[in-house]
Amino acid sequence: METAELKQQVKEQIIHFLNLTTVKPEDIKDDEPLFGEGLGLDSIDSIELIVLLSREYGINIQDPKEGRKILTDVNTMVAYIEKNRTK
Amino acid sequence: MSRIIITGMGLISAIGNSVAENRESLQLERSGIDHIKFYKTSYAGRLPTAEVKHSTEDLNKKIFGEPNLSITRTSLLALHASDEAIRDSGLTAEQLASTDTALVGATTVGGMCLTDEIFHDALAKDHGTPYLSSYDYASVTMAIQTRYRIMGEVSTINTACSSSANAILFGARLIQNGYAKRAIVGGAESLAKFTINGFNALNILSSKACAPFDRDRNGLNLGEGAAFLVLEREEDCRDKKNYAILRGYGNKNDAYHPSSSSPEGDGPYLSMKDALKNSGLRAEEIGYINAHGTGTENNDETESRAMIRLFENVPAFSSTKSYTGHTLGAAGAVEAVYSILNLVNQEVYPSLSFKNPIVETGLVPVRTYAKQEIIHVMSNSFGFGGNCSTLIFSKT
Amino acid sequence: MPYFHQSACISPQLSFPEADLTQFRTSLNNLLNVVEPDYPGIPAGVKRRMGKSVRMAVGAALPLLEKQPQPDGMIIATANGGMEDCIKFLNQIIEYNEGLLTPASFVQSTSNAAAAQIALVTKNHQYNITHVHRGLAFENALMDVVMSLKENPDAAYLLGCTDEISAYNYNIDSLAGWFRKEPVSNYDLFTTSAEGTIPGEGSFMVWVNNQREGSIARLDDVRTIHTEDPAIILHVFKKFLSENFAEGEMPDLLLTGENGDNRLLKYYEVAESAIQDNVPVARFKHLCGEYCTASSFACWLSFQMLKDGNIPSILLKKNTSSKPVQRILIYNNYRGAQHAFVLVSVA
Numbered sequence: 003m004e005t006a007e008l009k010q011q012v013k014e015q016i017i018h019f020l021n022l023t024t025v026k027p028e029d030i031k032d033d034e035p036l037f038g039e040g041l042g043l044d045s046i047d048s049i050e051l052i053v054l055l056s057r058e059y060g061i062n063i064q065d066p067k068e069g070r071k072i073l074t075d076v077n078t079m080v081a082y083i084e085k086n087r088t089k
Numbered sequence: 004m005s006r007i008i009i010t011g012m013g014l015i016s017a018i019g020n021s022v023a024e025n026r027e028s029l030q031l032e033r034s035g036i037d038h039i040k041f042y043k044t045s046y047a048g049r050l051p052t053a054e055v056k057h058s059t060e061d062l063n064k065k066i067f068g069e070p071n072l073s074i075t076r077t078s079l080l081a082l083h084a085s086d087e088a089i090r091d092s093g094l095t096a097e098q099l100a101s102t103d104t105a106l107v108g109a110t111t112v113g114g115m116c117l118t119d120e121i122f123h124d125a126l127a128k129d130h131g132t133p134y135l136s137s138y139d140y141a142s143v144t145m146a147i148q149t150r151y152r153i154m155g156e157v158s159t160i161n162t163a164c165s166s167s168a169n170a171i172l173f174g175a176r177l178i179q180n181g182y183a184k185r186a187i188v189g190g191a192e193s194l195a196k197f198t199i200n201g202f203n204a205l206n207i208l209s210s211k212a213c214a215p216f217d218r219d220r221n222g223l224n225l226g227e228g229a230a231f232l233v234l235e236r237e238e239d240c241r242d243k244k245n246y247a248i249l250r251g252y253g254n255k256n257d258a259y260h261p262s263s264s265s266p267e268g269d270g271p272y273l274s275m276k277d278a279l280k281n282s283g284l285r286a287e288e289i290g291y292i293n294a295h296g297t298g299t300e301n302n303d304e305t306e307s308r309a310m311i312r313l314f315e316n317v318p319a320f321s322s323t324k325s326y327t328g329h330t331l332g333a334a335g336a337v338e339a340v341y342s343i344l345n346l347v348n349q350e351v352y353p354s355l356s357f358k359n360p361i362v363e364t365g366l367v368p369v370r371t372y373a374k375q376e377i378i379h380v381m382s383n384s385f386g387f388g389g390n391c392s393t394l395i396f397s398k399t
Numbered sequence: 115m116p117y118f119h120q121s122a123c124i125s126p127q128l129s130f131p132e133a134d135l136t137q138f139r140t141s142l143n144n145l146l147n148v149v150e151p152d153y154p155g156i157p158a159g160v161k162r163r164m165g166k167s168v169r170m171a172v173g174a175a176l177p178l179l180e181k182q183p184q185p186d187g188m189i190i191a192t193a194n195g196g197m198e199d200c201i202k203f204l205n206q207i208i209e210y211n212e213g214l215l216t217p218a219s220f221v222q223s224t225s226n227a228a229a230a231q232i233a234l235v236t237k238n239h240q241y242n243i244t245h246v247h248r249g250l251a252f253e254n255a256l257m258d259v260v261m262s263l264k265e266n267p268d269a270a271y272l273l274g275c276t277d278e279i280s281a282y283n284y285n286i287d288s289l290a291g292w293f294r295k296e297p298v299s300n301y302d303l304f305t306t307s308a309e310g311t312i313p314g315e316g317s318f319m320v321w322v323n324n325q326r327e328g329s330i331a332r333l334d335d336v337r338t339i340h341t342e343d344p345a346i347i348l349h350v351f352k353k354f355l356s357e358n359f360a361e362g363e364m365p366d367l368l369l370t371g372e373n374g375d376n377r378l379l380k381y382y383e384v385a386e387s388a389i390q391d392n393v394p395v396a397r398f399k400h401l402c403g404e405y406c407t408a409s410s411f412a413c414w415l416s417f418q419m420l421k422d423g424n425i426p427s428i429l430l431k432k433n434t435s436s437k438p439v440q441r442i443l444i445y446n447n448y449r450g451a452q453h454a455f456v457l458v459s460v461a
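Residue numbers (this note's numbering), protein chains in the order written: chain A, 3 to 89; chain B, 4 to 399; chain C, 115 to 461.
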């Protein structure tokens with residue numbers, strides 16, 4: 003899958019998984035912080051996204067703190083997925 | 004307003020089937036945290052918990068003789084503890100049947116320990132299991148109401164980990180405001196896939212025995228248990244044993260996040276302050292604190308900060324969850340009994356598994372069992388949803 | 115004495131944001147569901163996590179909290195709040211065989227989620243409690259507010275409740291025989307004799323303090339009892355009447371929780387036998403359905419009647435009166451085992 007396509011897919015998955023009913027994929031910028039400002043996600047969301055990475059891409063992140071670094075923004079998330087996906 | 008006296012106690016936990024057995028374990032520093040032996044879950048062998056060391060069948064037989072087929076483990080634990088408390092207090096049949104005896108229970112799991120049964124009944128089109136009316140939180144309190152035909156005011160509280168602390172303070176207030184002359188109050192909790200998986204999904208379960216307030220702590224262990232107390236007005240119990248006085252209580256909300264505490268421990272700080280004000284005591288009069296101390300990174304640090312904020316010199320404190328695990332809805336009541344044992348026996352119990360203090364706060368809990376003169380004990384319970392409650396007990 | 119001020123009620127009828135007691139909705143498929151509003155006051159980032167019962171609770175609370183300063187406490191009742199999220203989480207446990215699970219529905223499934231969310235969105239640090247005692251949860255919350263106002267006479271509290279029809283809970287209660295097996299309209303509940311009723315849902319929030327000025331009603335008394343013996347109900351009801359009414363005096367209305375379940379009629383018959391024959395009797399569960407905190411809907415209806423002074427004919431079971439309605443006695447029971455008497459009066 004092309005990177006651009008994967009980015010679009012990941013945005014759709016974030017929206018669906020976290021039930022962000024008022025957000026569209028085009029509202030999420032690739033380099034916009036997912037946590038704190040930007041999309042404003044919190045600690046429960048970071049756990050949910052770690053589960054997403056496991057279920058959709060077969061990536062298992064053991065340490066939630068490491069997970070937060072990977073989940074900085076869509077760019078870092080997608081780069082990590084491309085490198086580590088097993089599905 | 005009448006002073007509230009505790010005249011009876013009942014308790015079952017991972018460290019004993021009665022108040023006396025629990026006390027012995029506390030003195031001998033004998034923890035109940037171990038691998039899961041009774042409950043069927045894929046986490047058996049991976050996550051230590053503090054189970055009550057009896058099968059549900061045994062608990063059922065002991066209370067009912069002929070097994071009661073629609074009662075859950077949580078309710079059985081509640082009955083075991085409330086039976087002991089009621090016997091201990093010497094409440095007469097007439098008193099139990101009167102409309103001025105109140106009952107306040109608490110639980111966060113209720114009958115949802117029966118995952119397979121509730122799943123079946125949630126979807127089946129016919130042939131429900133015998134547990135159809137045993138899943139909700141009220142069913143635990145109702146098991147006691149039915150057994151003793153309690154005709155006074157009855158309530159059930161669920162405020163997560165502070166549930167039974169709130170049950171105790173609600174029962175006390177029913178008495179102080181004239182809705183009751185005596186109250187049977189407490190809570191019960193049993194292991195459930197629901198809570199094992201829920202807490203695990205939040206990454207706050209430890210794969211080792213929990214180490215409250217330790218620098219290297221990494222989570223809590225779930226525990227089971229039930230504890231009930233009998234509260235009476237001072238003027239009504241002069242001719243029976245008075246274990247302790249419920250001197251004061253506090254209830255405040257952290258209002259920070261659904262499942263973690265604010266960095267400075269606002270809710271805990273406000274709850275402790277509220278209880279001190281309610282009891283008319285100054286902070287320096289507290290001789291010992293039974294802390295909430297779950298062993299999670301978040302709770303223990305924020306609770307420490309709250310204690311440092313409130314107390315110029317933080318008194319002796321420890322977490323008995325290092326013995327019993329976190330008994331969730333029962334924790335407030337279990338630890339209330341332990342706080343009363345501190346006063347009756349003038350002793351303190353250690354925080355097991357503690358090695359090094361949290362770097363940022365430097366607090367060191369009690370490390371070994373010891374005799375200590377104490378007049379006032381504070382017991383804290385802080386739950387999800389920011390629900391923080393504090394009870395203060397005083398020596399009679 | 116506790117006085118009720120501004121209130122909000124989300125129900126299967128046209129009650130939110132304002133009451134419209136001229137048009138009424140009908141049940142569908144033996145269910146009385148609420149029509150949820152959009153909840154513009156709940157930020158999207160917070161709303162996305164909320165189950166229906168939490169949404170309804172927060173949605174009803176926000177309009178009250180916009181107008182008033184911070185309450186000195188939040189006293190909430192819910193028996194089944196969060197059940198839907200509980201079973202959603204159990205679904206995950208079973209689907210993924212206790213593997214890697216997402217925690218959001220676990221966190222939202224706790225009964226205190228509604229009280230917690232209301233405190234969170236308003237950053238309220240005060241007294242916060244959740245009563246969950248099945249059919250008496252709301253009455254326990256009423257008792258709690260009575261006590262809180264005695265202890266803190268200058269305080270003001272947010273009191274309320276919420277319960278939803280969760281698909282799973284509905285199934286469990288159906289298997290237990292609590293609902294009508296045959297299709298029935300809510301308006302035919304009382305004219306068709308059968309076991310069972312139809313479920314409903316809703317939330318209710320009200321501001322309570324000791325100030326008479328600007329209030330809509332006064333809470334005079336609340337009592338509860340557990341029994342299945344109608345003779346005991348008669349005895350308790352007569353005692354309640356003697357404690358709250360002078361010799362020969364009666365309430366202007368007896369509002370009961372009759373729900374069409376013919377097994378429970380005997381309790382309502384003894385209650386009616388305890389009052390004089392000419393006292394108007396009304397019912398409310400054909401409008402809101404049966405749920406653990408349904409008596410809160412009766413409370414809300416009482417406020418409307420005390421304000422207008424009359425009883426909407428859709429509620430009336432028997433008798434009318436030319437006297438303005440000033441004292442309403444609500445008698446409700448849940449499954450014939452938990453009984454409550456609440457007396458509300460004009461302020």
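Please keep in mind that the hints were generated in silico from the structure rather than gathered at the bench. Here a beta-carbon is modelled for each residue, glycine too, at the ideal position from N, C-alpha and C. One thing to keep in mind: the hints can contain errors.
As a list, the in silico BS3-like pairs of lysine-lysine whose alpha-carbon atoms are at most 27 Å apart [claimed, not checked]: (1) K264(C) / K280(B); (2) K353(C) / K437(C); (3) K184(B) / K352(C); (4) K432(C) / K89(A); (5) K211(B) / K43(B); (6) K26(A) / K161(C); (7) K244(B) / K43(B); (8) K184(B) / K398(B); (9) K184(B) / K264(C); (10) K26(A) / K9(A); (11) K31(A) / K161(C); (12) K280(B) / K202(C); (13) K353(C) / K432(C); (14) K352(C) / K437(C); (15) K421(C) / K432(C); (16) K9(A) / K432(C); (17) K421(C) / K128(B); (18) K202(C) / K128(B); (19) K161(C) / K202(C); (20) K374(B) / K67(A); (21) K243(B) / K398(B); (22) K184(B) / K237(C); (23) K276(B) / K398(B); (24) K276(B) / K237(C); (25) K43(B) / K56(B); (26) K43(B) / K202(C); (27) K67(A) / K358(B); (28) K295(C) / K26(A); (29) K276(B) / K264(C).
Over 10 Å on every C-beta distance to chain C, these chain B residues come out as not near it, computed from the model [claimed, not checked]: (30) E27; (31) T144; (32) E237; (33) K243; (34) D269; (35) A286; (36) A319; (37) E350; (38) L366.
The hints, checked one at a time:
Proximity of K264(C) to K280(B) is assessed by CA-CA distance (about 17 Å); at most 27 Å being required, the pair is judged to hold. Annotation: proposed proximity of K353(C) to K437(C) holds, straight-line Cα distance about 25 Å (limit 27 Å). Distance hint between K184(B) and K352(C) is fulfilled; the C-alpha atoms sit about 22 Å from each other, no more than 27 Å. For a cut-off of 27 Å, the pair hint linking K432(C) to K89(A) is broken: about 69 Å separates their Cα positions.
With a C-alpha separation of about 19 Å, the suggested pair K211(B) and K43(B) falls inside the 27 Å cut-off, and the hint holds. Using a Cα cut-off of 27 Å, the hinted pair K26(A) and K161(C) holds, with the two alpha carbons roughly 16 Å apart. The suggested pairing of K244(B) with K43(B) is violated, with an alpha-carbon distance near 42 Å, which exceeds 27 Å. Our distance criterion of 27 Å between C-alpha atoms is met by K184(B) and K398(B), whose separation comes to about 22 Å.
For a cut-off of 27 Å, the pair hint linking K184(B) to K264(C) stands: about 17 Å separates their Cα positions. At roughly 13 Å between alpha-carbon atoms, K26(A) and K9(A) fall within 27 Å of each other, so this suggested pair holds. Taking the CA atoms of K31(A) and K161(C), the gap is about 22 Å. The hint holds against a cut of 27 Å. For the proposed pair K280(B) and K202(C), the alpha carbon gap of about 42 Å is over 27 Å, so the pair is violated.
About 24 Å separates the Cα atoms of K353(C) and K432(C), which keeps this hinted pair within 27 Å; it holds. Proximity of K352(C) to K437(C) is assessed by CA-CA distance (about 23 Å); at most 27 Å being required, the pair is judged to hold. Straight-line distance between C-alpha atoms of K421(C) and K432(C) comes to about 21 Å, which keeps the hinted pair within the 27 Å bound. Proximity of K9(A) to K432(C) is assessed by CA-CA distance (about 67 Å); at most 27 Å being required, the pair is judged violated.
The suggested pairing of K421(C) with K128(B) is violated, with an alpha-carbon distance near 45 Å, which exceeds 27 Å. Distance hint between K202(C) and K128(B) is fulfilled; the C-alpha atoms sit about 19 Å from each other, no more than 27 Å. As the CA atoms of K161(C) and K202(C) are separated by approximately 17 Å, the hinted pair is consistent with the 27 Å bound. At most 27 Å may separate the alpha-carbon atoms for a hinted pair to count; K374(B) and K67(A) exceed this at roughly 42 Å.
As the CA atoms of K243(B) and K398(B) are separated by approximately 15 Å, the hinted pair is consistent with the 27 Å bound. For the given pair, K184(B) sits about 36 Å from K237(C) by alpha-carbon distance, which is inconsistent with the 27 Å threshold. Taking the CA atoms of K276(B) and K398(B), the gap is about 20 Å. The hint holds against a cut of 27 Å. For the proposed pair K276(B) and K237(C), the alpha carbon gap of about 18 Å is at most 27 Å, so the pair holds.
This hinted pair checks out: K43(B) and K56(B) have alpha carbons roughly 14 Å apart, not beyond 27 Å. Annotation: proposed proximity of K43(B) to K202(C) holds, straight-line Cα distance about 20 Å (limit 27 Å). A threshold of 27 Å between alpha carbons decides the hint, and for K67(A) with K358(B) the separation of about 24 Å falls inside it, so the pair holds. With a C-alpha separation of about 43 Å, the suggested pairing of K295(C) with K26(A) is violated against the 27 Å cut-off.
The suggested pairing of K276(B) with K264(C) holds, with an alpha-carbon distance near 21 Å, which does not exceed 27 Å. Non-interface call for E27(B) relative to chain C: holds, since the shortest CB-CB distance, roughly 34 Å, exceeds 10 Å. Under the 10 Å C-beta cut-off, the non-interface status given to T144(B) relative to chain C is violated; the minimum distance is some 7 Å. Listed as a non-interface residue, E237(B) keeps its Cβ farther than 10 Å from every Cβ of chain C; the least gap is roughly 19 Å.
Taking the minimum C-beta to C-beta distance to chain C, about 26 Å, the non-interface status of K243(B) holds against the 10 Å cut. With a minimum CB-CB distance of about 7 Å to chain C, D269(B) fails to clear the 10 Å threshold, and the non-interface call is violated. Residue-level check passed: A286(B) sits 19 Å from the nearest beta carbon of chain C, beyond 10 Å. Interface exclusion of A319(B) from chain C stands, the closest Cβ pair being 28 Å apart, more than 10 Å.
With a closest Cβ-Cβ approach of about 32 Å to chain C, E350(B) is found to remain outside the 10 Å limit, as its non-interface label requires. No Cβ of chain C approaches the Cβ of L366(B) within 10 Å, the least distance being about 24 Å, so the stated non-interface status holds.
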